[in-house]
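For reference, the chains in residue letters:
Protein chains: 2
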Amino acid sequence: MQRLEVEGIDEDEKLRRVVKALNQNPNYFTTSSCAGRIALIEVPGVGDKEHARFVAKWHRRVGEEEFFDAVKGWRGELWLTVQCPIIHVSCRDLGSALHLLGVAKECGFKRSGIISVTEKRVNLEIVSTERADVPMGVDGVLLCDKEYLRFLLDRFNELLSRSKEKMGKLCEKLTSET
Amino acid sequence: MQRLEVEGIDEDEKLRRVVKALNQNPNYFTTSSCAGRIALIEVPGVGDKEHARFVAKWHRRVGEEEFFDAVKGWRGELWLTVQCPIIHVSCRDLGSALHLLGVAKECGFKRSGIISVTEKRVNLEIVSTERADVPMGVDGVLLCDKEYLRFLLDRFNELLSRSKEKMGKLCEKLTSET
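The listed protein sequences correspond, in order, to chains Y and E. For reference, each letter of the first sequence is one residue, going 293 to 470 in the working numbering. For reference, each letter of the second sequence is one residue, going 293 to 470 in the working numbering.
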């Protein structure tokens with residue numbers, strides 16, 4: 293599982309370039325980032341993120357076989373989720389934050405916004421819209437069949453690919469600015 | 293369907309009070325708001341919101357019978373979604389926007405942020421985290437059975453209730469400030 297995640301991050305050259313371009317600009321530094329992922333999460337109950345456990349996570353499209361392999365051996369409640377890319381950027385001032393917010397929105401990161409302002413920095417969250425969450429079963433029992441799982445996986449892979457395209461646009465835009 | 297929605301909005305006294313409290317404050321006016329809802333949406337393909345059509349929407353917990361009644365007569369691809377409350381607020385200046393952002397976060401609206409700044413106003417989006425989206429079938433054919441639908445509905449109702457609790461907290465906080 294750990295191996296898959298590392299592979300995912302390594303493959304995601306686009307995010308690395310985006311982070312590099314931002315950190316090379318004296319107006320910005322990144323404080324956290326995720327390239328977007330598909331994950332299987334086990335929770336004791338709805339929305340109990342504090343006690344959530346990752347059953348599997350992939351930062352790339354997921355194949356049917358590995359997916360069905362992962363949907364084994366869990367307890368509690370199982371959710372399948374696709375999370376869009378997210379980047380937190382500390383900006384020098386409001387002007388530089390608004391400039392980056394504009395660039396992010398233009399590239400399709402429509403849920404972006406300034407999430408806090410301190411005396412010294414303005415903190416921006418760059419986030420997109422490709423998100424889906426599905427509860428799949430409870431107490432170790434899947435409540436949906438293989439055909440439906442295949443359908444879910446197909447749609448979730450599609451959402452992840454779309455968010456990667458947006459990351460590509462952001463990468464292009466930011467690297468052309470430097 | 294239309295009737296259900298109006299009933300839902302009418303029931304949502306909390307949101308109305310929040311909107312009223314904000315508009316009574318000279319620092320703020322609201323530009324749009326939604327109390328949170330459960331919706332069945334028909335789309336031609338994944339993420340094609342432009343051509344989406346609401347099959348049903350409810351701003352309150354949904355009963356099993358009305359839900360099963362609604363899951364009939366659709367085409368394309370059917371998604372079930374729970375959308376958390378969202379309020380857009382135009383704020384007088386950065387200070388008043390940051391104050392409201394702090395209040396919103398304290399009440400659990402953790403995805404809130406400043407989404408744009410003009411010469412005259414600072415625009416804040418107040419939004420929470422209770423969100424789930426599930427594709428249920430394609431070409432008019434449901435790919436999940438009744439037991440699974442019941443499970444989905446239960447979880448989605450739970451998420452909606454949780455978001456309403458947060459709206460209650462926000463309502464309490466804002467009305468106590470005025």
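Hints in this document: simulated from the structure, not taken from any laboratory. Where hints are given, some of them may not hold.
Identical chains share a label here; the pair holds if one copy fits it or two copies do between them.
Said to hold, decoys possible - Simulated crosslink set (EDC-like; lysine to aspartate or glutamate; CA at most 20 Å straight-line):
1) 456 <-> 446
2) 412 <-> 385
3) 312 <-> 342
4) 349 <-> 464
5) 402 <-> 342
6) 465 <-> 358
7) 397 <-> 342
Taking the hints in turn, this is what the structure says about them:
1. Only within a single protomer do residue 456 and residue 446 lie at most 20 Å apart by alpha-carbon distance; the minimum there is 15 Å, versus 32 Å between protomers.
2. Taking the closest pair of Cα atoms, residue 412 and residue 385 come within 20 Å of each other both inside a single copy (8 Å) and across two copies (18 Å).
3. Proximity of residue 312 and residue 342 under a CA criterion of 20 Å is satisfied in neither setting, with 31 Å inside one chain copy and 34 Å between copies.
4. For the identical chains of this complex, residue 349 and residue 464 are neighbours neither inside a copy (27 Å) nor across copies (39 Å), given an alpha-carbon limit of 20 Å.
5. In this assembly of identical chains, the alpha carbons of residue 402 and residue 342 lie at most 20 Å apart only when taken from different copies (15 Å versus 27 Å within one copy).
6. In the homo-oligomer, the alpha carbons of residue 465 and residue 358 never lie at most 20 Å apart, since the shortest distance is 34 Å inside one protomer and 48 Å across protomers.
7. In this assembly of identical chains, the alpha carbons of residue 397 and residue 342 lie at most 20 Å apart only when taken from different copies (17 Å versus 31 Å within one copy).
In summary, the structure is inconsistent with hints 3, 4, 6 from the numbered list given earlier, while agreeing with the others.
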